[in-house]
Amino acid sequence: MDVLHCLARFGFIAATLVTLAAAVMVVSLRNIFHCALALILVLLGVAATYISLKAEFFAVIQILLYVGAIMTLVIFAIMLTSKIADTTVPQTNRQSLVSFAILAMFDVFFIGSVIKTSWKVNAVTMAANVDAKVLGMAFMNEYVFPFEIISVVLIVALVGAIILGRSDQ
Amino acid sequence: MFGFGVLKGMSVTLWYFILSYIYPKKGITTVQYPEQKKEVQERFRNFPFLVYEGTPDNMRCVACDICAKECPPKCIYIIPEKDEQGRIQKKPATFDIDFAICMNCGICEEVCPFDAIFMDHDYELSEYDRLSDLMYQRDDLLKPLEHFAKIRPTDCAVIEEKRAAKGVKGRAQTPPPAAPSSAGPAQPPVT
Amino acid sequence: MEYSDPIFVVIKKGILHFLHGFLPEWTVVIISIMLSITAIAIFGPVTMMYLTWLERKVVGRMQNRWGPNRVGIFGLLQPIADGIKMLTKEDIVPQDADKVTHFLAPVMVVIPALLVFSVIPFGRGMTAVNLNVGLLFFLAISTLTTIAIFMGSWGSRNKFSLLGGMRAVAQMVSYEIPMVMSVVPVILATGTLSTVSIVEAQLGGKWFIFTPWGFFAAIVFFLCGVAEVNRTPFDLPEGESEIIAGFHTEYSGMKFALFYMAEFMSAFAISGLTVTLFLGGWGGPVLPSWAWFLLKTYALIFIMIWFRGTLPRFRVDQLMGFAWKLLLPFTLLNIFVAALWQILPSPKNLLVSGIAEAVILVIVFFASRKDSPTKRTYIFAD
Amino acid sequence: MSGIPVSYYVIFSGLLFSIGLYGVLVRRHVVGILMSIEIIINAANINLVAFSRYVAAKPEMGQVFAAFVIVLAASAAAVGLAIVLSVYRNRRTIYTDEINLLKW
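Protein chains in written order, with our numbering: chain A, 41 to 209; chain B, 12 to 202; chain C, 484 to 865; chain D, 2 to 105.
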């Protein structure tokens with residue numbers, strides 16, 4: 041079974057690399073529609089990461105909500121707004137070099153500190169099975185108040201979005 | 012109302028689906044074309060043909076060029092025959108119809124004063140080359156009078172009766188369904 | 484009820500047992516996965532090919548025609564002839580098209596259609612992957628089709644394609660919601676998201692379609708499924724009489740065939756999932772389990788084709804109104820009815836939930852009618 | 002999965018976060034900025050789920066929070082895109098440096 045573990049690990053690393061490459065494409069491509077497609081790839085890669093963390097339910101929710109709903113919304117908004125395929129318009133402002141340098145420095149320090157830290161791995165949670173039932177119990181018992189709040193927030197946001205997006209009669 | 016219209020429509024299609032299995036004669040109305048063919052009606056018209064009586068030499072066409080002039084898409088091309096002295100004979104040497112251009116209007120048949128050109132029933136004329144194969148020459152177009160009598164008996168009887176009444180000599184003397192051996196003399200009609 | 488393993492499972496087990504004799508364990512695991520994948524990868528396209536044949540046959544019969552009957556006996560080789568024609572056709576890419584997107588879209592549209600087959604229980608023990616979130620997986624993966632269709636429509640650089648793509652996205656997003664909502668009662672009744680467990684909960688004739696909530700939820704789910712795969716009467720994205728061919732206007736040859744394949748495989752998958760959720764899956768007497776599954780699924784596919792042979796296309800406002808004003812409130816209230824069914828004791832719950840269902844149906848129906856657009860008055864047509 | 006140490010996930014999410022932050026900083030297109038924000042939110046979510054799996058007291062805690070984050074991201078996207086649409090309708094542009102009405 042060792043080989044299978046190696047394969048799984050290789051698959052995870054490949055998914056990670058693809059996700060990072062797609063993320064770079066999201067921030068660097070000129071055609072905003074291509075950016076949206078790359079973002080879909082990023083979201084699918086993140087879903088793969090969730091699967092490697094044994095959070096299948098969450099991975100599926102990620103695909104259902106992000107790819108199915110939010111990205112559709114984003115693509116609709118892109119379609120409704122502008123000339124998307126016009127590559128002559130510069131898509132970045134003048135801060136690009138500065139921010140790239142700062143963020144690269146941040147990444148170097150961040151990776152260094154993460155590697156140096158020793159993490160205390162909790163063996164109980166490693167083996168625990170978090171399926172839809174456990175999550176549902178958590179939502180309905182311990183976290184029921186934030187759950188209700190968040191649904192109110194969602195409704196408020198949707199009503200606000202409708203009012204904002206409505207064309208003036 | 013209440014979606015019952017949908018159910019009604021769906022029951023109709025389901026009924027025809029079942030009918031096509033239990034009683035195909037009524038349930039299926041299509042004709043399996045190359046094997047079965049629908050009878051064409053008598054006044055059906057497709058591309059024209061030239062009539063001869065008896066032998067192919069004995070054609071009714073006198074190369075008067077009226078049909079070529081009247082033809083709306085100008086698909087008929089006629090050169091009259093000439094004898095040794097270069098005098099024009101009352102017979103076409105070349106009679107070409109480009110079936111790629113012909114639009115089956117039947118005007119040539121209408122205007123022909125000699126009842127020499129009629130519309131045919133043959134509709135299976137597809138060819139591989141539209142320039143050469145669909146250009147029908149005089150000899151391709153010639154068909155006996157009996158063919159005309161066979162495909163359009165009513166028209167043929169009326170026309171031949173009229174010709175006989177007008178006293179057109181020669182070619183009209185034989186009744187159409189008769190045998191080709193009793194064809195009239197080979198003299199060209201004087202008109 | 485006693486079920487023995489279906490023949491396909493026995494064959495697979497035999498192969499694995501044979502290989503286990505001389506191969507290391509990890510290769511056997513990989514080969515086991517590969518066998519399932521291969522089975523699906525063969526089953527999907529073959530299903531698609533014969534669904535095209537079936538559709539043409541059935542619609543032909545409904546329209547007083549024979550349907551294909553030239554190639555082979557009963558026209559059974561017609562799909563192969565079509566395939567050869569598709570493969571040898573010229574592949575046309577518009578000059579201004581977004582080449583990458585245009586190329587990727589047909590590929591992307593087939594992937595989810597094949598992926599969803601992995602969680603459908605074709606028979607006892609014949610599920611490729613028994614995910615414990617199988618149902619959600621199905622719903623999530625089938626939303627990827629939207630993106631692929633939009634990629635194709637945008638990449639074609641054609642206004643009709645774009646219109647078709649926009650219509651497709653709007654329609655799919657709208658029908659996604661009542662679809663998920665109509666599934667919720669089933670999850671409520673079974674307490675699981677795994678398709679295999681849902682089928683096992685319905686064994687012994689306790690099909691959910693025989694309950695008041697299940698009957699209507701099945702209808703809603705099936706209708707939404709038909710809308711999801713863009714078939715008549717919901718085929719606005721490819722409405723031939725309005726926008727040429729919609730999102731696949733600019734596709735020819737094999738790329739077009741891939742779009743077609745995705746549509747038919749999704750149609751099969753949706754029928755299969757309806758069977759799984761409401762019609763007892765592979766459960767049934769006498770016949771082997773996979774035969775029952777295929778029988779029920781093809782019955783639903785026949786209904787889809789029957790729709791196509793009968794119904795005209797929706798208007799856009801009718802389409803959206805149907806989803807948002809009729810189906811969505813009805814499915815939301817249907818969840819309450821299913822909860823009533825769950826908490827009440829057995830003989831009483833049929834009566835109570837049946838009455839509740841009828842009341843809800845009437846209320847929702849009339850409420851949605853009142854808001855429906857007034858009849859058009861034609862100013863110049865009179 | 003037991004073979005993958007938690008630092009992999011943390012580094013991955015850190016890189017994803019910095020890429021998203023770069024996008025927020027340099028993008029001119031408003032929808033591009035929104036998409037970069039989505040990347041940042043996803044990076045945070047990976048961290049939540051990974052830590053809840055590896056080091057948290059309860060395994061479902063991080064996933065619950067990640068679900069809340071997804072809902073918030075959805076509302077943010079809805080409101081943000083509605084704002085983008087109304088801004089585009091009024092100003093005919095969606096480039097951030099051209100929307101300078103409130104700038105002095």
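Everything labelled a hint here was simulated from the structure, so no lab data went into it.
Among the hints, erroneous ones may be present.
Unchecked claim - The calculated label-pair distances, taken between Cβ atoms and stated as ranges, are: (1) PHE491/C / LEU44/A: 32 to 38 Å; (2) ILE202/A / LEU815/C: 14 to 20 Å; (3) GLY837/C / THR94/D: 54 to 60 Å; (4) TYR139/B / ILE563/C: 22 to 28 Å; (5) ILE516/C / GLN43/B: 46 to 52 Å; (6) LEU44/A / ALA77/D: 19 to 25 Å; (7) LEU770/C / HIS45/A: 15 to 21 Å; (8) THR94/D / ILE563/C: 28 to 34 Å; (9) ILE112/B / VAL576/C: 32 to 38 Å; (10) PHE693/C / GLY200/A: 39 to 45 Å; (11) ARG553/C / ILE202/A: 20 to 26 Å.
Quick reminder that beta carbons are idealized off the backbone N, C-alpha and C, glycines included.
Here is how each hint holds up against the structure:
Distance hint check: the CB atoms of PHE491/C and LEU44/A are about 24 Å apart, inconsistent with the given range 32 to 38 Å. Here the CB-CB span from ILE202/A to LEU815/C is close to 19 Å, well matched to the stated 14 to 20 Å. For the pair GLY837/C and THR94/D, the supplied restraint of 54 to 60 Å holds, since their beta-carbon distance comes to about 58 Å. Between TYR139/B and ILE563/C the beta carbon distance is about 26 Å. The supplied range of 22 to 28 Å therefore holds.
The given range of 46 to 52 Å is respected by ILE516/C and GLN43/B, whose C-beta atoms sit roughly 49 Å from each other. Distance hint check for LEU44/A and ALA77/D: the Cβ-Cβ separation is about 40 Å, which falls outside the suggested range of 19 to 25 Å. Remark: the range hint 15 to 21 Å for LEU770/C to HIS45/A is contradicted by a beta-carbon distance near 42 Å. Distance hint check: the CB atoms of THR94/D and ILE563/C are about 55 Å apart, inconsistent with the given range 28 to 34 Å.
Take ILE112/B and VAL576/C: their Cβ atoms lie about 36 Å apart, and the range 32 to 38 Å holds. Taken as a hint, the range 39 to 45 Å holds for the pair PHE693/C and GLY200/A, whose Cβ atoms sit roughly 44 Å apart. About 55 Å separates the C-beta atoms of ARG553/C and ILE202/A, a value inconsistent with the hinted range of 20 to 26 Å.
Comparing the model with each numbered hint stated earlier shows that hints 1, 6, 7, 8, 11 do not hold.
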